[in-house]
Structure formats: C-alpha cells, structure tokens
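Trainee: Residue-level listing of the chains:
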Amino acid sequence: MIETILQPWPWYVAGPLIGLMVPALLLFDSKRFGISSSLRHICAATIPSNASYFKYDWKQRGGWNLLFALGMIGGGTLAATVLGDASADIALAPATIADLQNLGIQDFSGLVPDDVFSWSALTTLPGFLSLVVGGFLVGFGARYANGCTSGHGITGLASFQMSSLVAVIGFFIGGLIMTYFILPLIF
Amino acid sequence: MEPTRFNLDPKRVTGYLVLGILFGLVLVKSEVVSWFRIQEMFRFDSFHMYGVLGSGVAVAAISLEIVRRLNPVTATGQKVEIETRAWQGPGVRYIAGGTIFGLGWALLGACPGPIYALIGTGISAMVVALLAAIAGAWAYGSLQQRLPH
Numbered sequence: 001m002i003e004t005i006l007q008p009w010p011w012y013v014a015g016p017l018i019g020l021m022v023p024a025l026l027l028f029d030s031k032r033f034g035i036s037s038s039l040r041h042i043c044a045a046t047i048p049s050n051a052s053y054f055k056y057d058w059k060q061r062g063g064w065n066l067l068f069a070l071g072m073i074g075g076g077t078l079a080a081t082v083l084g085d086a087s088a089d090i091a092l093a094p095a096t097i098a099d100l101q102n103l104g105i106q107d108f109s110g111l112v113p114d115d116v117f118s119w120s121a122l123t124t125l126p127g128f129l130s131l132v133v134g135g136f137l138v139g140f141g142a143r144y145a146n147g148c149t150s151g152h153g154i155t156g157l158a159s160f161q162m163s164s165l166v167a168v169i170g171f172f173i174g175g176l177i178m179t180y181f182i183l184p185l186i187f
Numbered sequence: 188m189e190p191t192r193f194n195l196d197p198k199r200v201t202g203y204l205v206l207g208i209l210f211g212l213v214l215v216k217s218e219v220v221s222w223f224r225i226q227e228m229f230r231f232d233s234f235h236m237y238g239v240l241g242s243g244v245a246v247a248a249i250s251l252e253i254v255r256r257l258n259p260v261t262a263t264g265q266k267v268e269i270e271t272r273a274w275q276g277p278g279v280r281y282i283a284g285g286t287i288f289g290l291g292w293a294l295l296g297a298c299p300g301p302i303y304a305l306i307g308t309g310i311s312a313m314v315v316a317l318l319a320a321i322a323g324a325w326a327y328g329s330l331q332q333r334l335p336h
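Respectively, the protein sequence lines represent chains P and A.
Residue numbers for the first sequence follow my numbering, beginning at 1 and rising by one.
Residue numbers for the second sequence follow my numbering, beginning at 188 and rising by one.
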C-alpha cells in the first residue's frame with residue numbers, strides 16, 4: 001500500500017480524485033472549483049489599481065480560494081518529500097523524449113527540465129521566456145477567458161457549459177501553436 | 188469600499204487548507220504538474236493527461252448530477268448552491284483568452300494550480316512564474332474595458 005502511494009499515480013486514480021474536488025468543495029461550503037481567480041484576489045489584495053475589476057471584497061469572496069492555493073503549496077511539498085521523490089525520472093513517451101532532445105533539452109530528471117526552470121536559467125532566452133512570458137500569458141489568458149484548466153477544463157466541462165468548451169478549444173489552439181511553431185524558434 | 192474581515196471560522200480554514208493540500212498532492216503525484224507531461228500531451232504522444240482530464244470531468248459531472256438530485260446541506264450547515272456561469276457577451280473572451288492561456292500553458296508547462304504545487308515541491312524559480320501570472324492577471328484587469336469580450 002505504502003509502496004503504491006510512493007510511486008507515481010496512474011491517470012485512473014488521479015483523474016477521479018481531481019474530479020471529486022468539485023463535489024467536495026460544493027458539499028463543504030458551496031464553492032465552485034477553480035484556481036485562477038486566486039490570481040485576481042492576490043492583485044486586489046496587493047497591487048493598487050483603479051480598475052473596477054479589482055474593486056470588490058476580496059477577503060470575503062476570495063479568502064477561501066487563497067487558503068486553497070496555500071494548501072496546494074503544502075500538498076506539493078508533501079508529494080515531493082514524505083510521499084514521493086520529485087527528482088525521479090518521468091516515464092515519458094519515447095517520441096516526446098526524441099522531440100525534446102531535438103529542441104535541445106538535455107536534463108530529463110524530475111518534473112521540469114532544470115536547464116530551463118532554474119534561477120540561473122532566468123538570464124537565458126528559453127528560461128526567461130518560459131518563466132516570465134509563459135507565466136504572464138497564463139495569468140492574462142486565464143482571467144480573460146474567465147477560468148483555467150480547473151474552472152473551465154474540469155468544472156465547466158462537467159457542467160456542460162458551452163463557454164468552457166470554447167475556452168478549452170482555445171487552450172489547445174494556443175498550446176499547439178506554441179508547441180509546434182514557437183517553441184522551435186525559442187529553444 | 189472597505190473590505191470586510193476574513194471569515195476565520197476554524198472549520199472553514201482547516202477545510203480549505205486540507206482540500207488544497209489533497210489537490211496539490213494529486214497534481215504532483217500524477218505528474219500533471221510536469222512540463223514534460225504537458226509537452227507529451229500537446230504532441231499527442233501519451234494518453235496520460237487526457238486520461239486524467241477525461242476521467243476528472245466524468246467523475247465531476249456524475250458527482251454534480253448526484254449533488255443536484257440529493258439537494259444536500261453543506262458541512263457548514265447551509266443548502267448547497269451550485270454556481271452556474273452563463274455565457275457572457277459575444278464570447279470573444281473564451282476563444283481569445285483561451286488561446287492566450289494555451290500559449291502560456293505550453294510555454295510554462297504549468298497552469299495556475301501546478302504553479303502553486305511546483306513551488307511546494309521546491310522548484311523555487313516557479314515563484315517567478317507566479318509573480319508573472321499575477322502581473323498577467325493585473326494587466327487583464329487594467330485593460331478589461333478596452334478588450335473585446
């Protein structure tokens with residue numbers, strides 16, 4: 001049992017557990033599962049702005065979401081320490097490994113390539129673009145679309161919302177353009 | 188506008204923290220926080236990410252239907268209210284925002300949830316991505332009136 005938990009979890013265990021976050025948050029306190037609104041709450045809480053988008057009671061509306069995000073950091077720590085090893089190799093498809101080697105990725109250990117996602121890599125073009133521009137686009141796009149992978153991809157699709165289906169199609173249009181046309185120019 | 192105080196009811200605080208911990212744990216243990224897995228997904232080389240998202244949506248949809256039928260009371264003692272989000276405006280925001288998000292998702296290899304979870308795993312440079320994402324949200328809020336929705 002412990003051995004199984006320490007190993008990476010297969011999709012048919014992880015997917016249903018993620019899906020259960022939706023009823024868990026509803027049954028706990030009528031909250032709608034979604035993460036990216038935490039970015040808006042952090043802005044409302046910390047950055048002075050005249051924009052009406054940030055003029056609301058963030059403590060009352062967003063307090064739960066910020067606690068949830070804080071918990072996620074703790075969950076990450078738990079997964080990388082007592083319940084697993086974040087530096088282990090991921091069983092990636094050989095085709096992906098070949099493609100990424102062609103892009104110039106050399107380090108395949110751990111969850112992310114250290115040659116891109118480290119403080120020292122921030123001064124390189126791939127590192128800067130990935131962390132700073134990638135992060136910016138994720139935050140901007142999630143708020144423009146009114147949701148991210150959790151709010152649209154899980155909650156919205158599970159509620160049969162057309163807006164979420166359109167947003168998820170957008171996620172893939174953007175992702176495929178980046179993967180096939182822009183990443184080869186950056187790396 | 189004067190913000191009200193946090194609702195620091197210990198039961199709520201504990202509940203949200205515990206649910207967040209569980210979610211962060213699942214995201215890392217299933218490797219969906221991995222830049223490599225996101226690349227594998229966009230290259231259609233593995234079923235893993237589609238399995239996670241697909242079974243997640245299926246379980247969430249069935250759960251929502253059960254919750255609707257049972258009409259239960261929350262752990263905090265109120266009737267469960269399911270917030271629905273109606274389509275807003277012409278819908279440009281969904282396709283345009285979604286595409287911008289997708290560009291970032293494939294570049295950073297993480298969406299907002301995984302950013303938090305990855306910081307927890309000790310990849311401290313992801314703090315830069317979090318700050319950039321916050322800046323992105325701020326930029327959207329500041330430009331909102333001028334963007335097509």
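Just so you know, not all the hints are guaranteed correct.
Pairwise CB distance ranges, derived in the manner of DEER restraints [what the hints assert, rightly or not]:
1) P:160 / A:330: 48 to 58 Å
2) P:98 / A:196: 50 to 60 Å
3) A:257 / P:98: 26 to 36 Å
4) P:123 / A:264: 29 to 39 Å
5) A:268 / P:160: 10 to 20 Å
Hints were generated in silico from the structure; no laboratory data involved.
Ideal Cβ placement from N, Cα and C applies to all residues, glycine included.
Trainee: Determine for every hint whether it applies to the structure shown.
Mentor: To see whether the hints hold, each was checked on the structure:
At roughly 30 Å, the beta-carbon separation of residue 160 of chain P and residue 330 of chain A lies outside the given 48 to 58 Å, and the hint is violated. At roughly 53 Å, the beta-carbon separation of residue 98 of chain P and residue 196 of chain A lies within the given 50 to 60 Å, and the hint holds. Look at residue 257 of chain A against residue 98 of chain P: about 50 Å separates their beta carbons, and that is not inside 26 to 36 Å. Judged by the Cβ atoms, the range 29 to 39 Å given for residue 123 of chain P and residue 264 of chain A is violated: they are separated by roughly 53 Å.
About 18 Å separates the C-beta atoms of residue 268 of chain A and residue 160 of chain P, a value consistent with the hinted range of 10 to 20 Å.
Comparing the model with each earlier hint shows violations of hints 1, 3 and 4; every other hint is respected.
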